[in-house]
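Visitor: Protein sequence lines correspond, in order, to chains A and B.
First residue of the first sequence: 1, per the working numbering; consecutive thereafter.
First residue of the second sequence: 1, per the working numbering; consecutive thereafter.
If you are wondering where the hints come from, they were derived from the structure by calculation, not from laboratory data.
Check each hint, because a few of them may be wrong.
[Stated by the list, open to error] Below, computed lysine-lysine pairings styled on DSSO-like, alpha-carbon distance capped at 30 Å: (1) B:K77 to A:K312; (2) A:K103 to B:K87; (3) A:K139 to B:K306; (4) A:K42 to B:K356; (5) A:K338 to B:K3; (6) A:K338 to B:K255; (7) A:K139 to B:K338.
[Unchecked claim] Chain B stretches covered by chain A per the calculated footprint, using a threshold of three residues with CB under 8 Å from any CB of chain A: (8) 45-51; (9) 71-80.
Idealized CB from N, CA, C, for every residue including glycine.
There are 2 protein chains.
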Amino acid sequence: MDKFTFTIEAEEGKARVGQITTPHGKIDTPVFMPVGTLGSVKTVSPAELAELKVQIILANNYHLYLRPGLEIIRQAKGIHNFMSWEKPILTDSGGFQVFSLGKGNKGDHNLVKIKDDGVEFRSHLDGTKHLFTPEGVIKMQETIGADIIMCFDECAPHDSTFEYAQRAMERTHGWAKQALSFHEKQGRLSEYGHYQALFGIIQGVIFDKLRLESAKYISSLPFDGIAIGGLSVGEEKIDMHRTLDLIEPSLPREKPRYLMGVGSPEDLLEGVERGIDMFDCVLATRIARNGTVWTKLGRLNLNNAKYSSDFKPIELECDCSACQQFSRAYISHLIREKEILGIRLTTLHNLRFLMKLMEQVRVAIREKRFKKFKEEFLHNFEK
Amino acid sequence: MDKFTFTIEAEEGKARVGQITTPHGKIDTPVFMPVGTLGSVKTVSPAELAELKVQIILANNYHLYLRPGLEIIRQAKGIHNFMSWEKPILTDSGGFQVFSLGKGNKGDHNLVKIKDDGVEFRSHLDGTKHLFTPEGVIKMQETIGADIIMCFDECAPHDSTFEYAQRAMERTHGWAKQALSFHEKQGRLSEYGHYQALFGIIQGVIFDKLRLESAKYISSLPFDGIAIGGLSVGEEKIDMHRTLDLIEPSLPREKPRYLMGVGSPEDLLEGVERGIDMFDCVLATRIARNGTVWTKLGRLNLNNAKYSSDFKPIELECDCSACQQFSRAYISHLIREKEILGIRLTTLHNLRFLMKLMEQVRVAIREKRFKKFKEEFLHNFEK
Chain A
1 MDKFTFTIEA EEGKARVGQI TTPHGKIDTP VFMPVGTLGS VKTVSPAELA ELKVQIILAN
61 NYHLYLRPGL EIIRQAKGIH NFMSWEKPIL TDSGGFQVFS LGKGNKGDHN LVKIKDDGVE
121 FRSHLDGTKH LFTPEGVIKM QETIGADIIM CFDECAPHDS TFEYAQRAME RTHGWAKQAL
181 SFHEKQGRLS EYGHYQALFG IIQGVIFDKL RLESAKYISS LPFDGIAIGG LSVGEEKIDM
241 HRTLDLIEPS LPREKPRYLM GVGSPEDLLE GVERGIDMFD CVLATRIARN GTVWTKLGRL
301 NLNNAKYSSD FKPIELECDC SACQQFSRAY ISHLIREKEI LGIRLTTLHN LRFLMKLMEQ
361 VRVAIREKRF KKFKEEFLHN FEK
Chain B
1 MDKFTFTIEA EEGKARVGQI TTPHGKIDTP VFMPVGTLGS VKTVSPAELA ELKVQIILAN
61 NYHLYLRPGL EIIRQAKGIH NFMSWEKPIL TDSGGFQVFS LGKGNKGDHN LVKIKDDGVE
121 FRSHLDGTKH LFTPEGVIKM QETIGADIIM CFDECAPHDS TFEYAQRAME RTHGWAKQAL
181 SFHEKQGRLS EYGHYQALFG IIQGVIFDKL RLESAKYISS LPFDGIAIGG LSVGEEKIDM
241 HRTLDLIEPS LPREKPRYLM GVGSPEDLLE GVERGIDMFD CVLATRIARN GTVWTKLGRL
301 NLNNAKYSSD FKPIELECDC SACQQFSRAY ISHLIREKEI LGIRLTTLHN LRFLMKLMEQ
361 VRVAIREKRF KKFKEEFLHN FEK
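Could you build all of it, start to finish, from the sequences and the hints given here?
Guide: Below, the structure written as C-alpha cells:
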C-alpha cells in the first residue's frame, strides 16, 4: 500500500462513495478531515481521533514551516512520527495563509509581494521576511511528509475584480505546472521515501468563465487529485453551489475531488450531492471552543442558561464519550467556567457528529437513498 | 462498604501505610489527591484520572456553592454523578477561599466580616454578599455529597500576630464543635444517604503553643480524620517541619491525617516521614499548564529552547500516555503554540509522577526502607 489509488464503489447522481489508499492507510470517501494546523487537532489527542473514527487529518505547511520549523520535523522523521498519528495526513500548501496572514505584524497587504519566482511575505508571528515559491512549497511538504500535498495557489478574495481573479488564476495555473514537474522529479516521494499524492487547485473566484477554464486546465494535468479552492471564503451559498454545478462535468471522474475549507453539516451534504469526495474545515472545532455543539435537531449553545439544569446528554443517540458520560448541565458548567475539559468534550462531540454524518452519507449513497437522507437531515437540522 | 474506616498496615518510624474505606471505594495511603476545584481536575477527564490510578480527588465547597450552585448538584444527585467520577471525593469547606477570595471585586479585606453566627463575604465572581456558618457549610457539603467533608475554618495568614492567630484558632475550634454536632444530627450522612466522614482542622499559624493546643483540641473530638491547615501558605519550610514534628505525638494514631495544600514531591516525602497520610495541592497541575514537568532528576521547563529538538520522552521510565507516545520536542512545540494538547500531556505526566511517587513510598514503607528511598529520591531530584 505505498501508492495512491482511488476507487469508486457506488454512485447516486453525482454523489460517489469511494476508497483512497495512501502509504498510511485507507480512507473511505466522502470524508471529512479535521484540521490540525500546527500538528494537533485542537484539544484532541491522536488516540481520541482514532476513537472518533477519524481517517485523515490536515496540517498546514505555512504554520509548520514557521513553527516548529522544517528541521525539527525532519529530525522527527516526518509529521506522522512527530505528532504520533499513524494514519493519513494532508498538508495544505499555505497559499491561503501567505495571502491572508503574511502581512507581518503591521497587517499591511502591500507587505505580501508577488515576485517572478514566488511570493514574499512576512511571518504573522515575528514579521520576518520569507519567500514561498511553487517548487519550494513542494520541497517543504516533502520534508513534512504528509500523504497528500497541495500546490501553492493564490486564493483571491471573494470580492475580487474579474481582472484580478484572472491574474491570480493564471498565476495559480503556472505554479501548478511548476509544482507538478518539481514533485515529479523527486518521483513524487517524500523525504522519507513514501509516495506523496499531489493535488492541483482550481481557482477563479465566482466567475463562471474563470472557474470553467481553471477546472479544465487543472483537470488536464496529471495530478493525483483535484482540489477546489477559493470557495466558502465569504461568497453567497448560491454562488458556491452554481460554481460546483458548473465545473463538475469538467472534473475527471476517476480522481478524488477536495472542496477546501468547507465543513458545516449543510455544506458537506451540498458538496457530496455535487460530486465532492473530501472536505476540511475548522468550524466543528472552532464553534466547540465557544460552547456550540451540533445535534440532529440543529445547534445548541451550551452557554445558554437553560442548559445549566439540563441533565440529558448533548445527543441521546450519540456514541461519543461526551454523550456517553456527561450531561449538558455538567458540560455547560465547564464551558462557563472555562474549564478545558468542557471544550475537549464539545470538540469530541462535534467531530464525532461529522464523522457519523459522513458514515451515514456513505451508506445512503450505497443504498441509493442519499437524496432522501439529505432532505430529511436538513429538514430536522434547519427547523 | 458504606462506612468510613482507616486501617494501618505498616509503619516505619512515624511513616505509615494504611487503607481508608469510603462509600465510593478504598484509598491506599499515603495518598496524593489531585485538585478539581470546580468539579474537574483541570484539563483531565475522569477516565484519564482512573488510568493515572488516581484514588480520590478534591473539590471545593466555596467554588461549587457559587458555581454551578448547590441546586444543580442536588438535581444531579450529588457531585459524583454530576462529574461522572465514581471513586472517592473530598470537599474542602471553603474556609480558606472565603478569607482569601471573599473580598468581592474590590479586594478590600474589610469586606470579609466575621459575625457571631459566621462569616459574611463577597463572591469573587460578582461581588454578591454571602454568609457561611459552621453548620451551613456542613449542610452545603451534605448536598454536594463527597465522601470526606471538612469543617469551616479560618486559615490565618502566615505572618499573623500571636493574638490574631489565637483568635482565629479559637474561632476554628468553636466552629469545629458546631460542625460536628450538626453533622452528627444528620447521622453523618449526605443528602443521598451515604456516610460522610468529617475531618476537623488544626490551625495556629507557626506558634508552637497554639499548634499544640489546637492539635490536642481537634484530636479530642470524635472526627473521622484530622487535617492540618494553615501550612504551606508562605511560611519557611523549617517552620512547617517543626510544626509537624511538634504536633505528631498529639494526633490519634488510628485516624487518617491530612496535610492541606501540600504537594511538591519534596514536601510529600517530608510529610510522609512526619506521619501524614493524605495530601492535596494544585502545584502539579498548575506548573504543568506553564510547561513545567517533574522527572526523577528534577524539573524541566519545556519552554526552554533546548527541548524543541529533544526527541526523548519527558521521562524514559514513565508509563503515562504523554511519555509513551510523545517526545519532549513535540510537547514543547505544543506548549509554545498554546495548543491545549500540550498542557493536557504535561498535566497527565505530573499527576502520574506523583501517583507513582506515592506508590513507591507505600512499597518502601512496607519494606522498611522509606528513609533510604526518601534520601535517594531527594538526592536525584534536587541535584
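Visitor: Now look at each hint and say whether the structure bears it out.
Guide: Hint-by-hint comparison with the structure:
1. B:K77 to A:K312: holds (14 Å)
2. A:K103 to B:K87: Roughly 53 Å separates the two Cα atoms, so the pair is violated.
3. A:K139 to B:K306: Judged against 30 Å, a Cα distance of about 26 Å means the pair holds.
4. A:K42 to B:K356: holds (29 Å)
5. A:K338 to B:K3: violated (36 Å)
6. A:K338 to B:K255: Answer violated: K338 of chain A to K255 of chain B is near 37 Å, above 30 Å.
7. A:K139 to B:K338: holds (27 Å)
8. 45-51: Our answer is that it holds, as 3 residues pass the Cβ test (under 8 Å) against chain A, meeting three.
9. 71-80: holds (count 4)
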